[in-house]
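Asker: Between the sequences and the hints, there should be enough to build the whole structure, so can you do that?
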Amino acid sequence: LICYAIVVFMARRIDRTEAAELNPLQTHRDFLIGHFLCGLGWAWFAWLGCDACQVDQFQLIKAVVLLLAMAATAITASSLRGALLATFAVPVAAYAYAGARQWMPVELIMAGLLIVSLPFFAYVARRLNRSSLMLLSFRSEKDALIAELDTAKSMSDEARRRAEDANLAKSRFLASMSHELRTPLNAILGFSEVMANEVLGPMSNPTYRDYARDVHDSGQHLLDLINEILDLSRIEAGRYQLNEEPMMLLSVVEDCCHMMELKARNKDIRIVQDFENALPRLFADERA
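Residue numbering for the sequence shown follows the numbering used here, beginning at 1 and increasing consecutively.
There is no bait here: all hints are sound.
Across the chosen pairs, the derived CB separations fall in these ranges:
#	residue 1	residue 2	range
1	N186	A264	24 to 30 Å
2	S176	L282	34 to 40 Å
3	V253	T207	23 to 29 Å
4	R139	R162	32 to 38 Å
5	E148	D285	43 to 49 Å
6	G41	R127	23 to 29 Å
7	Q273	S156	50 to 56 Å
Everything labelled a hint here was simulated from the structure, so no lab data went into it. All figures in this text were calculated on a predicted structure; none of them were measured in a lab. Built from N, CA and C at the ideal position, the CB exists for glycine as well.
Answerer: What follows is the structure, encoded as structure tokens:
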């Protein structure tokens with residue numbers, strides 16, 4: 001009992017010690033020495049005789065107690081390689097030697113049983129040790145995966161927060177810029193429409209009137225682009241609604257050709273419009 005108390009004290013002292021301060025080989029050697037000292041106590045028990053007891057019963061009791069102690073040690077000390085052999089090699093040898101001196105059938109049978117049981121329980125302890133190592137390995141991998149998942153989740157949350165902040169900044173920027181751009185565009189559209197329609201009087205040079213129409217059409221196109229940018233932000237937010245109505249495909253094509261005509265003219269490219277006049281109406285959203 002004193003030896004086992006010393007082993008328990010060593011285990012508690014090592015449990016309170018930091019892992020970085022431990023020497024694995026020295027710790028393993030110290031525990032084996034402690035179990036060997038416990039084995040000396042079991043050897044004394046195996047060698048012990050009882051003159052007042054019946055010989056057969058006492059030897060049987062000693063063998064059963066040693067078997068139970070070997071089984072308990074194989075289970076409890078399976079994490080310490082060699083602990084079972086260090087503890088019970090000497091007791092089994094002492095029991096076998098004591099039984100061989102008396103040359104009784106019971107002693108010989110129980111000695112043989114103990115000799116066979118020692119490697120068997122050593123094998124069981126080794127299997128339990130491997131299972132414990134695999135369990136610790138799986139637990140370590142699980143902890144590593146949980147740590148990786150926590151890291152990935154925190155990174156995902158941070159990326160989502162940044163994306164939300166960027167989306168909010170973009171929405172504020174679009175709202176501000178749409179107001180800043182629409183105000184001068186409305187003035188340009190109004191003045192160009194007045195000039196193109198000759199509201200304040202006829203224009204002597206028809207080229208100026210065409211330029212005024214081009215300015216009005218370009219400004220209207222730019223205003224439509226701004227509205228489309230705002231529509232994109234509404235689509236991302238899931239708040240965009242289609243305004244479907246019957247529309248003439250011919251007018252849409254003419255507007256597109258008119259917008260491209262100025263660029264084509266600067267590059268000496270002529271756009272030829274060839275389409276039927278009686279095209280059916282389409283039910284769609286003109287801005288979509």
